[in-house]
Amino acid sequence: MKEQGIFLNRLGDMLQNGFSIADAIDFLGRVDQKYYTHRMLMKLQNGIPIHEILSEEQFDKKACAQMFFAEKHGNIALAFKEAGNYLVKRDNERRTILKLLQYPLILIGILILILFMLKTLLLTQFANLYSSMDYQPSLFIRFFTQFMEKGPFYVTIFSGNVFLIILLSSVFFSKRTTIEKAEMIARIPVIRTYSRLLNSQFLARECSFLLHSGLSINEVLECMAQQHYRPLVKNIAELIRKDLTLGYSFSYSLSKFSFYDPQLFIVIQHGEKNGRLDQELQYYSRFCLGQIEEKMEKVFKVLQPLMFSMIGLLVLAVYMSIMLPMFDMMNSI
Numbered sequence: 001m002k003e004q005g006i007f008l009n010r011l012g013d014m015l016q017n018g019f020s021i022a023d024a025i026d027f028l029g030r031v032d033q034k035y036y037t038h039r040m041l042m043k044l045q046n047g048i049p050i051h052e053i054l055s056e057e058q059f060d061k062k063a064c065a066q067m068f069f070a071e072k073h074g075n076i077a078l079a080f081k082e083a084g085n086y087l088v089k090r091d092n093e094r095r096t097i098l099k100l101l102q103y104p105l106i107l108i109g110i111l112i113l114i115l116f117m118l119k120t121l122l123l124t125q126f127a128n129l130y131s132s133m134d135y136q137p138s139l140f141i142r143f144f145t146q147f148m149e150k151g152p153f154y155v156t157i158f159s160g161n162v163f164l165i166i167l168l169s170s171v172f173f174s175k176r177t178t179i180e181k182a183e184m185i186a187r188i189p190v191i192r193t194y195s196r197l198l199n200s201q202f203l204a205r206e207c208s209f210l211l212h213s214g215l216s217i218n219e220v221l222e223c224m225a226q227q228h229y230r231p232l233v234k235n236i237a238e239l240i241r242k243d244l245t246l247g248y249s250f251s252y253s254l255s256k257f258s259f260y261d262p263q264l265f266i267v268i269q270h271g272e273k274n275g276r277l278d279q280e281l282q283y284y285s286r287f288c289l290g291q292i293e294e295k296m297e298k299v300f301k302v303l304q305p306l307m308f309s310m311i312g313l314l315v316l317a318v319y320m321s322i323m324l325p326m327f328d329m330m331n332s333i
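Here the sequence shown stands for residues 1 to 333, numbered as in full-length UniProt numbering.
Lysine to any residue pairs mimicking SDA-like chemistry, simulated, CA-CA at most 20 Å apart:
1) Lys234 / Phe259
2) Lys256 / Asn235
3) Lys61 / Arg94
4) Lys242 / Glu272
5) Lys301 / Arg90
6) Lys2 / Asn92
7) Lys2 / Arg90
8) Lys273 / Tyr252
9) Lys61 / Asp91
10) Lys61 / Ser174
11) Lys2 / Leu289
12) Lys2 / Lys89
13) Lys301 / Leu289
14) Lys181 / Tyr194
15) Lys99 / Glu293
16) Lys2 / Met296
17) Lys89 / Gln291
18) Lys62 / Gln227
19) Lys62 / Lys81
20) Lys298 / Pro189
21) Lys81 / Gly29
22) Lys43 / Ser55
23) Lys72 / Glu52
24) Lys72 / Tyr229
25) Lys72 / Arg241
26) Lys81 / His212
27) Lys181 / Val171
28) Lys242 / Glu219
29) Lys242 / Phe265
30) Lys2 / Gln58
31) Lys234 / Glu52
32) Lys81 / Glu3
33) Lys150 / Thr120
34) Lys256 / Leu232
35) Lys234 / Ser258
36) Lys242 / Ser253
37) Lys2 / Leu78
38) Lys61 / Leu198
Don't read these hints as lab results, they were simulated from the structure.
When you get a sec, could you build the whole thing from the sequences and use the hints?
See the structure below:
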C-alpha cells in the first residue's frame, strides 16, 4: 500500500510540473523499475481510463474512485497526490497498530505457555506437598492456585467464543446491503465517530471538486452513481437523486443516513443558501481529515499503556500464583 501511495504521489508531482500521465508513468517505470508500469502504458495507449487501469493493477479502491471523479472534474494532478498521501497514511497507521499489538501478543502467548507448564509441572508438586504435610492452604492461595490451574482453559474458551462471534457476525454482515452495513457500523460506539468522519470526508471532498468544476448537484450525484469502486457512495447517490426529483433538498435527503457526521448536513444547508457549497465542502473535508488524524493519535496513546498494563497484571498474577503458596507453607512450618 505504501508503494502504491508513493507511486501516485510522484505521478501527481510530475503532472503538476507539466508531464503527461504517459510520460510520468514511463519515467517512473525507468527510474524505479516497477513491473506494472509497462502494462499501464500499454493500457493507456489502448484508451483505457486511468481509474480502470489502477483498478486492474489492484490499487486501493478509494484511490480508484478518486481518480474516477478526477477525470470528471479535471484536477487529476491533485487527485493523484491526495490519493497517494491517503495510502501512505493508511499504511503508516496499519504498521503502527501492528507494532503496537505485536509485542503484547507475543508476551500473552508466552504467558499462556507458562500457565500450561505450571499447570502440568508445578501444581502436581504443590498438591503432593500439601497432602504430605496435611496442609490446608488459605482461601487467597486457593484462588491463585485455581487461576493457575484453570487459566489455560478459560483462555481457550474465551478465544473460541470470540472466534465464533466473529464468524457468525461476518456471515450475518455479508447478507446485508451496503447501506445496512454502514448503518450497523454507525451503531458501534467504539468506531462510530471514526466511520462517520471517513464517510463524510470522502463525500465532501469529491462533491466539492465536482461542484467546483461547474457540475450541478444532480450531475454530481449522477457521476457518483456511475462509479462502482465505492458501492456505498453509489447507492446513496441513487437514493438522493430520487429524493431530488420529489422536491427534497440535498441536505435533507442526506440527513436520513446515520453514517454521516451531523455537521455535514449543517455545512451543506449553509452552502446551499449562500451559493458557496463547493468551497465550504472543501474546508469541511479538511476539517474531517484533521479530526481523523487527531482521534487516531488519541487511540494510539490510550491503547499502548492499556495493553502493557494488562500484560503487567497477568505477569503479576502468574508470579503470585507461584510464590504465595511457597511463602504460605514456609510460614506454617
